[in-house]
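J.: Same order as they appear, the protein sequences are chains A and B. Offset between the first sequence (1-based) and this note's numbering: plus 69. Offset between the second sequence (1-based) and this note's numbering: plus 219.
Keep in mind that the hints were calculated from the coordinates and are not lab data. Since we're looking at a predicted model, the values are computed, not measured. It is possible that part of the hints are untrue.
Said to hold, decoys possible - Here are some, though not all, of the chain B residues that point toward chain A, as calculated from beta-carbon distances under 7 Å:
id : residue
1  : Q267
2  : F396
3  : L400
As the list claims (entries may be wrong) - Covered by chain A, according to a simulated footprint, are these stretches of chain B (three or more residues, beta-carbon under 8 Å):
id : region
4  : 270-282
5  : 404-418
Said to hold, decoys possible - Which chain B residues face chain A? A few, computed with CB under 10 Å, are given here:
id : residue
6  : A254
7  : L256
8  : G266
9  : W303
10 : L393
11 : R474
Here a beta-carbon is modelled for each residue, glycine too, at the ideal position from N, C-alpha and C.
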Amino acid sequence: MRSLKVVYSGFQMNLKMLGTSSFFLLTSVVQPVIFATIAFYMFRAGSRNGTLLYAALGAGMMGVWSTTLFGSGGMIQWQRWQGTLELGAAAPPAMALIYLPFSLANAFTGMYAMAATLVWGRLVFGIGLHLAHPWLFVLALPATVIALGLMGLVLASTFILYRHANALSNLLEYPVWIASGLVFSTSLLPVWTRPISWALPPYWGILAIRHAALGGGVWWPLAMVVLLGVAALVISTLTFRWFEHAARARATLSLT
Amino acid sequence: MRRWLGVFFVGGSIAYRGLFNWIRPATYIPTMLGAPLFQLIFFTKLGQYAHAENRDFYIVGNSIQACAMSSVYGMTMAVANERWFGTLGPLLASPANRSAVFLGRGVPVLANGLLVSAFSFVAGALILGFRPGVGAVVPLAVVVVVTVLSCTAFGMLLGSIGLRAKDFFFAANLAYFLMLLFCGVNIPLDTLPGWMSAVGRCLPLTHGIAAAREVAAGASLGDVLGLVATELGIAAAYAVAGLTLFRVLERESRRTAVLDAY
Numbered sequence: 070m071r072s073l074k075v076v077y078s079g080f081q082m083n084l085k086m087l088g089t090s091s092f093f094l095l096t097s098v099v100q101p102v103i104f105a106t107i108a109f110y111m112f113r114a115g116s117r118n119g120t121l122l123y124a125a126l127g128a129g130m131m132g133v134w135s136t137t138l139f140g141s142g143g144m145i146q147w148q149r150w151q152g153t154l155e156l157g158a159a160a161p162p163a164m165a166l167i168y169l170p171f172s173l174a175n176a177f178t179g180m181y182a183m184a185a186t187l188v189w190g191r192l193v194f195g196i197g198l199h200l201a202h203p204w205l206f207v208l209a210l211p212a213t214v215i216a217l218g219l220m221g222l223v224l225a226s227t228f229i230l231y232r233h234a235n236a237l238s239n240l241l242e243y244p245v246w247i248a249s250g251l252v253f254s255t256s257l258l259p260v261w262t263r264p265i266s267w268a269l270p271p272y273w274g275i276l277a278i279r280h281a282a283l284g285g286g287v288w289w290p291l292a293m294v295v296l297l298g299v300a301a302l303v304i305s306t307l308t309f310r311w312f313e314h315a316a317r318a319r320a321t322l323s324l325t
Numbered sequence: 220m221r222r223w224l225g226v227f228f229v230g231g232s233i234a235y236r237g238l239f240n241w242i243r244p245a246t247y248i249p250t251m252l253g254a255p256l257f258q259l260i261f262f263t264k265l266g267q268y269a270h271a272e273n274r275d276f277y278i279v280g281n282s283i284q285a286c287a288m289s290s291v292y293g294m295t296m297a298v299a300n301e302r303w304f305g306t307l308g309p310l311l312a313s314p315a316n317r318s319a320v321f322l323g324r325g326v327p328v329l330a331n332g333l334l335v336s337a338f339s340f341v342a343g344a345l346i347l348g349f350r351p352g353v354g355a356v357v358p359l360a361v362v363v364v365v366t367v368l369s370c371t372a373f374g375m376l377l378g379s380i381g382l383r384a385k386d387f388f389f390a391a392n393l394a395y396f397l398m399l400l401f402c403g404v405n406i407p408l409d410t411l412p413g414w415m416s417a418v419g420r421c422l423p424l425t426h427g428i429a430a431a432r433e434v435a436a437g438a439s440l441g442d443v444l445g446l447v448a449t450e451l452g453i454a455a456a457y458a459v460a461g462l463t464l465f466r467v468l469e470r471e472s473r474r475t476a477v478l479d480a481y
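Just chain B, with the same shape it has in the complex (with noise of 0.2 Å):
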């Protein structure tokens, strides 16, 4: 057990600053505060020119979405780029218990998805007034919490695809976009046709989101448990779908010797 958390925490942490190509601070705050922090004014201005929601809505829903920079992206190169970097051959050659490889690398995934949630929280209550009373900042803090942790185990899932996967990036970025179309961020899901509020349903952030635009407007935890409980629960799928995925794209790579290929 000792080994498997040695792997988890000391494993995951190395990994990460070894192949978070966006670790260091030239990089990470135009790119990880930067990026979001404009995304966020950009869609609040959208969204008050266009006379849709009131401002709360964007800022909810695009700072619980900046967390997605963190978790896919981030995600995605925890484990992809070990191809990328030659280390993945080293990598799976190694003993190491795979559940606490492949999760590992989610805890600073997590860490930096909540740190970035933070930051556009805190710059949409300073830049754009959002203001949503004290009550209200624990159970915000808890749903933000969770809401991270499912995208974290959605980005897990596209790391995996990365393992055989050309050229992940394209994956990662389609999959960061089409979750600010379908899940609700800047667009009330009944505004959109059936079938994309149905696939924004099963996508991580789309429950939370809406948890978290009800805490903001003064509901307690108890009112949003059921919200929370779905994003919770689409978090385990994701995060079992991923390791699952690594398991058997590890096999069929060794199986078809294409485990550094491209």
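With the rest of the complex left out, here is chain A (with noise of 0.2 Å):
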């Protein structure tokens, strides 16, 4: 009980803290709408039909990507900033549940930018919103953010001991981006870069989605998407037990 108090007072006052930021109004709304249109019309000026609603959903989930990841690599410099991230590493409870809500608040902003790129789509390029299969579609898409929220605490989890986790998160931006196959199929990529994509679960959480709107198989991703998000939990609570034991050990914890 006194868990689930941490994680709604840390979600809640998370979500009021990005709510006031312009860099995650620009990095969950702003910037996939501009990403969307690039899309739509690079998918316009080619030969391939019927992708604007791909591209759509594509475009939002970057958005989700980007903002875990600023938000997850952000948490931790920002706290060493700010000088609580001593007084986190201090509480009782366990360091990751502390960062927990926060890892989830930002994944959560994060679905403003599939909200913004589907009405956006709608608004400007006439995309219909027919969704083949709406309900799994309202389970695939807060499965994968919350599985992405996960994903991004293993991250802000070693962004205990790297200074550069900003420098980090800028250039993890576009790799996700490619290897999970958001705007365009993984099968482009090189043969060796398959297993990478596997491991990845907004890779599974685009496929879930995209089959929930436009048809075909969602229970198989989607199982993939709640196994990998369990898989982060777990490495992310030994991780941030291991990291936070070394930088007390180094006495690096509030270096910056």
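With the hints as a guide, dock the two chains, each given alone in a separate frame, to form the complex.
T.: What follows is the structure in structure tokens.
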């Protein structure tokens, strides 16, 4: 019960903080709309038909990932700058539990991206929003967002030791978009990249969302999303413990 | 004149070292080299999937646009970070010539932009098979220099806005992403609505990228002289606008006592 209270309070507080940040407005609304527009025009310029909803969903997921990534990367760094990282580490609950709601709030804010690209696509490009399996879409979207939030938690834990977390965030945005096949098929990539794609929750998440919207099997990719989300939670619990211990031992927790 | 040159070169380079947040290798490599590299791969693959343009279209567009990482963010930081780090007051109290202070900051930004663009072209050749032909290398280099120059001048204008704007990084980020959309980096201008291509033609990159694509396809420098001259004109216009805005905002900030205010 106490854990739930910690999660609820942290989630609510971080959501309010993100709501006042112009950077997150840019990442979760403006940037996905710009990328969706680029993708729409590229698909229009090409000869591939019936792909505008495909592009809108992919651009939306790109925004979810960007928000999660920059939120998770920034989470530890901002706490360092504000001097609250030590308080989080010293609090009685496990550090992973303290930062879990922050990461979930980041991913939740990313859902604005999906809404923004779908509304933008509908209003400006006249995309039909006829979902093949609406209820499965409603199930697949939050499951994917939560899995991404948990993946962000794993990233955030590594940033306890890495002082240049923001730079790593800048680097990881495009590779995950590419490896997850958010707006194009991963069959265009070399074969050796397949295992990387399979290990990424966004890869399965976009499959589940796309199949729910355009038709196709949803349950298998959805099961993989849940499985990878649980794996990320377990890994982040362990990594938070290890990296917190290492940072305490080296006295580098608050060093910027 | 010697003093002007000293402030221009030495002052510009010291300011860049002190104010450019991403100068350390641990930050520079992932941000300035890694991100443009993956951007290049992303848009080339997206174009391939959409069956839109040929591979070289995306390699040239994104390799040149990569300089905006340096020009937009670097120039914004080199000017606006003075306020963030609390050194704007002493800088503006100094008798140093303002044009030397302001324009000198563009030199390292320009050099960095060229490096980032060159890296992207080399990555495009090694990873994606970009083969422009030996004869195209020198004209391509000339076009890239002019384009990076105009992008740096645009960065100067954004940096000046950062003297007063509360959240200058928002403006820099927005400008960077809008350049991807408006400047024909990944979408041919004739595919965009008229008003968007008209905006694109007033921005840096657009004419430079068009010239670079022609040169990569075998055209000579003479064939694209008009595009290069237009890009150079845009560079001059943005540099003048940036310097003028810098002077106006400096004067206004003094008058209203908001130099270091947020």
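J.: With reference to the structure, classify each hint as holding or not holding.
T.: Now for the hints, and whether the structure bears them out:
no.	hint	verdict
1	Q267	holds, 6 Å
2	F396	holds, 5 Å
3	L400	holds, 5 Å
4	270-282	holds (count 3)
5	404-418	holds (count 5)
6	A254	holds, 5 Å
7	L256	holds, 8 Å
8	G266	holds, 6 Å
9	W303	violated, 13 Å
10	L393	holds, 7 Å
11	R474	violated, 27 Å
Violated hints for the displayed structure, listed by number in ascending order: 9 and 11.
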